[in-house]
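Undergrad: Spelled out from the first residue to the last, the chains are:
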Amino acid sequence: MAAKQSEFYVGYLAVPPRLKWAIGALVILLLALVAFDAWLVATLQPDAGDGRWADAPTEFRGTLDRTPYPTLRVATDAGTRTYVLVSDEKRGAEAVLGDIPAGASVRVQGYEIERAAVGMIQLAATDVAVDNAPAIPAAPLEVHGRATIDGEIVDSKCWLGVMRPGEGHIHKACASLCIRGGIPPMFVTRTSDGPQVMLLTLFDGRPVPPDAILDVIADPVRLSGIVEKHGDIYHFKVDLSTLARTE
Amino acid sequence: MAATYKPVLWNRHKRVYDVVIGVGIALYLAIFIAVGMSTADSANTSIEILAISALGACAFFMLHVVLAIGPLARLSTTFLPLLYNRRHLGVSLFVVAAAHATFATVWYHGFGVLNPLVSLFVSNPRYDAIGSFPFESLGAVALVILFLMAATSHDFWLNNLSPAVWKTLHMLVYIAYGAVVLHVLLGAASGHGGSPLYVWAVVVGFVIIAGLHLGAAIAQGGRDRAQRSAPKNDWIDAGPADAIPQRRARIVIAPSGAQIAIFRYDGRVSAVSNVCAHQMGPLGEGCIVDGLVTCPWHGWQYDPATGRSPPPYTERVETFNVRIENGRILVDPKPNAKGAPATPAAIG
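Those protein sequences? They're chains A and B, same order as listed. For the first sequence, numbering that gives the first Met the number 0 begins at 0 and goes up steadily by one. For the second sequence, numbering that gives the first Met the number 0 begins at 0 and goes up steadily by one.
In case anyone wonders, no lab produced these hints; they're calculated from the structure. Where hints are given, some of them may not hold.
What the hints assert, rightly or not - Computed footprint of chain B on chain A; a stretch qualifies when at least three of its residues, placed anywhere within it, have a C-beta under 8 Å from a C-beta of chain B:
| hint | segment |
| --- | --- |
| 1 | 25 to 31 |
| 2 | 34 to 47 |
| 3 | 102 to 109 |
| 4 | 134 to 142 |
| 5 | 176 to 188 |
The model shown is predicted, which means the values in this text are computed figures rather than measured ones. Glycine included, each C-beta is placed from N, C-alpha and C at the ideal position.
Looking at chain A on its own, in the form it has when it is part of the complex (with noise of 0.2 Å):
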């Protein structure tokens, strides 16, 4: 019963030797927690998808286009390869295009990004050099008819591999502050041969305003309208009356 005042611990008096061994148990055990812990969060982490980003900037000479959103038609071994252009950071690259009139050719420097062969290019400079290459012509137009899709509004940059998670609760408020920043919008729905991604559009054509989709971004949603084929890049024209939440 009459305890020894050895075994009372003061920190800033030597450690009782009887309390060593626990506290030294106790070290073990916590860090066993620890590395636990550490490895069973990580292993919960979301599928980060398998977008890309380069590294470097490369030269890109194409046509540009300017509806509904600003592309290049770049001469490829395999056909021509439509890239969606935006800015760096999050903005979109309206800006930097100034008044170049869509069917000029321009030469960019920018950062490749690719994601479910959909094609980006960050720009990497302000510049835009404008030559006399023969303009690429465009695609012809394929139109897949009406549809209603479950899926998610994303912010092209990021999905396509900026951000990996670029969906989702999490990127909610940057896909947001995105796409109010001039990136294009995209519709992303998941099917059983991967993610199938489209550009948003108003049922018109025109481009989607970011006012009328702010709520919805990265929740799941049901929109109906017209899925085109413009060369290599889907456009899901939507009619934002039918847009809905499925959760």
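Got chain A; can you put chain B on it based on the hints?
TA: Okay, now just chain B, sitting in the frame of chain A:
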């Protein structure tokens, strides 16, 4: 104890404690990032996002440890060494949480057309929804509380705010915990992209913390009942003097609720308030070291006969008059002024 204010009164224990904190944080972040980069689903995760997740998860783990130490120390004195330097763990927790918040704010809310701090609260406007609630705001609430606690962790603030106000301020940690739990449940664990196992991990953490607090409260309640004494001729019968271990104390609770620690030492008994002037620690669970009552929490000391800290220190606690009749200790439940001498009662 300190006669003057210094940033930290270092000793070997604090150094070892801080090294363990540093190693623990480094280990957590290293394992998290290594596992995240080698797990198939998350292998392509941006390193910035992985670092944000690792810092957030690490801070959440540290908050659980901080909250567990108090009740653990109430349940067993073996855990008192964890309590001694807990404030350094709390400050470290704030630093990790602030790093998480800073990187997340810059990465998700920076580089845009809105001020990042404005974006933090308005980019997701769905304050009316549960599933899509802007969880960032809950994290901001918790961070403000953790900042207040870290900023006032020094004894300078403890003395200037008074122990009662300081203690109340630091009890806000439970509000911070609630905000962080919701921050995680409505953020990382919410919606598509969030794993349901996240929810279970948070629930397990909550059950552990709640269980420890409940267990400590039940144990303390049992002690309080055993220590509550009825007055005898206005004095409290505190039981036989020789039943108190040498250099230890028995705690009795007066009808007024005042807690009295009766120490036995050098053939005498003295009674002082059970509440330490530092952080209101239980002096009666302490020990007489070098002739002085020594608090089990942080080692603050008082002369058992006067309730005064030895010079140059100036802290004081209330004393109580004692006498011994037929080998039993009687205590006057009316406290003397803080630092007022009370004659010790000789045993036998």
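Undergrad: Which numbered hints are broken by the structure, listed smallest first?
TA: 3 and 4
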